[in-house]
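For chain A, the structure is supplied; the task is to place chains B and C on it using the hints.
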Amino acid sequence: MLYRIVVVLLALLCICSCRSGPEHNNTTGKEDHNKKVVHAAGFTIQRYGSSQKLTVIDPWQKSNNNVFEYFLVKTGETVPANFAGKQIFHVPVKSVVCLSTTHIGFLDALGKLSSVSGLSGTAYLTNAEVKKGVTESQIREVGNEQGLNYEMIVHLKPDVVFAYGVGSEINVQINKLRDLGIQVVLVGEYLERSPLDKAEWIKFFGAFYDKAQSADSIFDRIRFNYEKIKSEISSEKERPKVLTGLPFKDTWWIAGGQSNLAVLIEDAGAEFLWKDNLSSEAFPVSLEEVFLRAAKADFWINCGSVQTMDELNSFDPRFSQLPAVIHSRVFNNNLRSTPIGGNDYWESGVVHPDLILKDLVKIFHPKISVDKEFYYYKKVE
Amino acid sequence: MNMKKGNMRRVPMKSGVEFFLLFLVLILFFLFDLLSGSVHISMAQSFTSFFHPTSADPQITSIIHQFRIPKAITAVMAGAALSVAGLQMQTVFRNPIAGPDILGISSGASLGVALFVLSAGWIFKGAMLFSTMGSWGIVMAAWLGAGCMMLLVVLIASRLRDLMTVLILGILISSAILSVVSVLQYFSSESSLKSFIVWTMGSLGSTTSDQLMVLVPSVLAGLILAFLSAKFLDAFLLGENYAKSMGMNIRLAYLLVFASTSILAGSITAFCGPIGFIGIIVPHLARKFFRSPLHVRLIPATMMLGAVVMLAGDLISQLPGYEISLPINSVAALLGIPIVIWIIFRSKKIGAL
Amino acid sequence: MKEEIFVECKGLSIGYHERSSAFAEVKSNLSLRAFSGEMVGLLGGNGIGKSTLLRTIAGFQTPLSGELLIRGRSVSEYNPDELAKEMSFVSTEIVMVANLTVREMVGLGRFPYTNWFGQLGAEDHRIIEKAIHQVGLSGYENRLINRISDGERQRAMVARALAQDTRIIILDEPTAFLDISNKYEIVRILHNLAKEQGKCIIFSTHELNTALSMADRIWLMLNDSVIDGIPEEVAYGGYFESLFSNNPHLYFDPEKNDFRIRKENLGTIFLTATGNELIWATKALERLGYEVNSTFLVREMIEIEVKQLDRRWQVGCSGKFTVVESLGELCREVKKIKLQP
Chain A
2 MLYRIVVVLL ALLCICSCRS GPEHNNTTGK EDHNKKVVHA AGFTIQRYGS SQKLTVIDPW
62 QKSNNNVFEY FLVKTGETVP ANFAGKQIFH VPVKSVVCLS TTHIGFLDAL GKLSSVSGLS
122 GTAYLTNAEV KKGVTESQIR EVGNEQGLNY EMIVHLKPDV VFAYGVGSEI NVQINKLRDL
182 GIQVVLVGEY LERSPLDKAE WIKFFGAFYD KAQSADSIFD RIRFNYEKIK SEISSEKERP
242 KVLTGLPFKD TWWIAGGQSN LAVLIEDAGA EFLWKDNLSS EAFPVSLEEV FLRAAKADFW
302 INCGSVQTMD ELNSFDPRFS QLPAVIHSRV FNNNLRSTPI GGNDYWESGV VHPDLILKDL
362 VKIFHPKISV DKEFYYYKKV E
Chain B
19 MNMKKGNMRR VPMKSGVEFF LLFLVLILFF LFDLLSGSVH ISMAQSFTSF FHPTSADPQI
79 TSIIHQFRIP KAITAVMAGA ALSVAGLQMQ TVFRNPIAGP DILGISSGAS LGVALFVLSA
139 GWIFKGAMLF STMGSWGIVM AAWLGAGCMM LLVVLIASRL RDLMTVLILG ILISSAILSV
199 VSVLQYFSSE SSLKSFIVWT MGSLGSTTSD QLMVLVPSVL AGLILAFLSA KFLDAFLLGE
259 NYAKSMGMNI RLAYLLVFAS TSILAGSITA FCGPIGFIGI IVPHLARKFF RSPLHVRLIP
319 ATMMLGAVVM LAGDLISQLP GYEISLPINS VAALLGIPIV IWIIFRSKKI GAL
Chain C
1109 MKEEIFVECK GLSIGYHERS SAFAEVKSNL SLRAFSGEMV GLLGGNGIGK STLLRTIAGF
1169 QTPLSGELLI RGRSVSEYNP DELAKEMSFV STEIVMVANL TVREMVGLGR FPYTNWFGQL
1229 GAEDHRIIEK AIHQVGLSGY ENRLINRISD GERQRAMVAR ALAQDTRIII LDEPTAFLDI
1289 SNKYEIVRIL HNLAKEQGKC IIFSTHELNT ALSMADRIWL MLNDSVIDGI PEEVAYGGYF
1349 ESLFSNNPHL YFDPEKNDFR IRKENLGTIF LTATGNELIW ATKALERLGY EVNSTFLVRE
1409 MIEIEVKQLD RRWQVGCSGK FTVVESLGEL CREVKKIKLQ P
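Residue numbers (this note's numbering), protein chains in the order written: chain A, 2 to 382; chain B, 19 to 371; chain C, 1109 to 1449.
None of these hints come from the bench; they were simulated from the model. The structure presented is a predicted model; accordingly, all values stated were derived computationally and were not measured. No residue lacks a Cβ here, since even glycine has one placed at the ideal position from N, Cα and C. Certain hints may be false.
Coverage of chain B stretches by chain A, computed from C-beta distances (three or more under 8 Å per stretch; other residues unrestricted) [as the list claims (entries may be wrong)]:
id : segment
1  : 77-83
2  : 220-229
The calculated lysine-lysine pairs, modelled on DSBU-like cross-linking and capped at a C-alpha distance of 35 Å, are [as the list claims (entries may be wrong)]:
id : chain 1 : residue 1 : chain 2 : residue 2
3  : C       : Lys1193   : B       : Lys262
4  : B       : Lys212    : A       : Lys380
5  : A       : Lys132    : B       : Lys212
6  : A       : Lys363    : B       : Lys212
7  : A       : Lys276    : A       : Lys363
8  : C       : Lys1193   : B       : Lys306
9  : A       : Lys297    : B       : Lys212
10 : B       : Lys212    : A       : Lys63
11 : B       : Lys212    : A       : Lys133
12 : B       : Lys212    : A       : Lys276
13 : B       : Lys212    : A       : Lys379
14 : C       : Lys1291   : B       : Lys262
Only chain A is shown next, with the shape it has when bound in the complex:
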């Protein structure tokens, strides 16, 4: 048994990053009536009168007990006593820089896109309004990771920079920006296990714009829609089997059994073929294994950025024999994508898990929802 573990570790070392899931830090301690109920594990909101304390927990993979506290005070109001000496943000913020295009989704839902002055990855944008802003130089490209353009950020003088971390090295960037007088907030929405928890981060953003009620109602609506679709389909006895991913060279990267996609598939009344996998990130499976298991797959979804069937087959023609391909049941989430490779699924998708779920239900149970159109997904032909 030990030997098996050692071999697994070795293989993981050799093959590129196989990430482990985030540490779920249960901070639900005593029931604090000041605490807002948030189902997402990555953040909590505590009220102190009209001020708020936001706590972000473990915002990167393999993070252990890393906690970030952000203290929000309404502009013009006095800073509460217990906030003294802490990192204060004056809300609503007027100008922000986002280091991920996913944040655009949240801000769009809040109607606060105009506050964005800088963005990372402008080339991959799909949102028309933001694209216009980039073309008109209202929104500037600030680079990312190693190539972060500190000078540009300083020039933009944002009230806050929304960042995300992949590992503890993000602290270097945070410190650097802090030295330059810029406030950085870490957003860890991508680590949430379920799509609803991810969407709940709208409350986090809402706090910065003093739109807590808006955010709450938006989220409640999303959750209502989502749960409704989910319960409607849960009575369906037929649960088709689903394959995800794409082959590359000797391996096929399959979505983790604990990933968002897996949750969506289950909630859409289907069965993910690798649901017993424990990873929340994509993991490698050998081609043979996939070939064997996917012979049972009724559907194949989320296959990279493939647009046509020919493209799909060009990766490895052996998989064109899969029943899902033969019966033309391959669907990809790039209906709303740009030629360069940007995909709205990753932008607005974060606040529309209900629309994603609706698409998936339409895919897996075509008899039930004939009249609705696809939003994010399209059939691969």
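Same frame as chain A, but now just chains B and C:
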């Protein structure tokens, strides 16, 4: 053991017997390789698939025919090609740790693939190009890169008279290319980077039947050229001067050897990614077991031994019993490094190739 | 056998090509000839250009100007294959290849005659066996070349050149690292090849006496010219003196066919002895720096008198005599005498 008088003399070899044995071992390893893979297939099952395909489980048959057999054939081709290419480089450059990529062929291929995969976003205005061409796209990019490198080397070699300078320039250009690749990696997106890194780890299992239709003939072409250069390689053993005095056309000899090496190493790198160490260690194993420096015997010996070693490497990388497999380059390195160290110590004693 | 000019240099200028048009000339305007059935010894001081000349003739370097004719044809008209069948080369390079037997190495000499794979036929094997026998290495066929002595290995290299079956063999200092016995062996073999098979052998060497006693022709390379002639003519012309004319301590001794170191004359010894004793005592006393006179006695010039008495020696000077037991003691006695004023 070295002190025995018997070592001074070499017993006339029954080379036919040795070759036959090696061939048997090759067949054996080939069959073993067909049995190894992440899906567990018993001997009985594979037997049925072969001889009674109608009664066998179609899934199993598919796996064997579409995955295992191409992989085993690729392993044989890769082992043979890289080893013979390495042998030629070792003889021509009189360097025991020379390998097929000493002229920078795999660096050239890496650059081709890097430009294709990593910069798909901004140079070709779309990862779309990558997607549409799929696996063939990478092959073409690798071949183009390797081909350009080969042309460069041939150009340099024809200008310069000194072989040592060609070697040094080849190494320097390789380094320069790899720096460019690093820069491309620095600016690329996460997923492209992952794709590129996976490519550099080498893979034997991703060649499909239609790709084999191209791979096998090119490897055979390269091997034929190698055979034709057997006499030249023998003459090279005595050094360039003696070779010239025996009437060897030096230009033709270099051309033949470089062409053969480029085709062999380039094809394998294009389809399987850069695989190292095999080309360095197998020629030494062949020299040790077959005890003859003459290439008419050494080339087929190296070919078969290379195929066996690569099959063995693939067997090990499949980690029989476990569902995971290691990338072939890691296995080659783990196997190869101790052997290279042994080679270096052994050369010191004898003092020559 | 009709004598034929095998190698001829006309107004040849040899040297090295540097970048593009620049070149470094080593020797110019050489006119030399070598005939069939001849063994030619190329002599000259270090760095004078012997190797350059041989390498130019062998085709490794192109001449800077002038003509080089091999068997009447200009060397530029030959393709490498044809040239290899006319001319073979042996260098001082020590060739070390692991696991190569003598037979295999000699077999490499058949290169110009074999097919693409280097396969040897019955005729090839016969020639190989003969070549191995000619150099006296019969029985060594299966020995590994890096496990035999230097002398044996050099002979194997010569055998390889023989297997190449050429009329002309060029050797660059073939006896450089060999002992006397091996040196003579090689030269004897080469001489036989010239005499019995009509081959033209050109070799360079520092062994003056070997060359002078065995070569049919000498090419003597001096600073500004190369003298081409039979050994005695070259010696008669006084050319050997000019070989090391800048070294005052050397002189050419025609009797010994070699250079000797000038010794200062410490005096004259009158030696009375016979046979071997006479010969060796003379040599010992000459080595000490004395002139030895055994023929006539001029009492006034004699300083030391040495006389053989059976197995012992009597040394005398100014009337005082000592008896010693051996040549070694004799020398010590003579040295002692010198010390006295």
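- Hints breached by this structure: none
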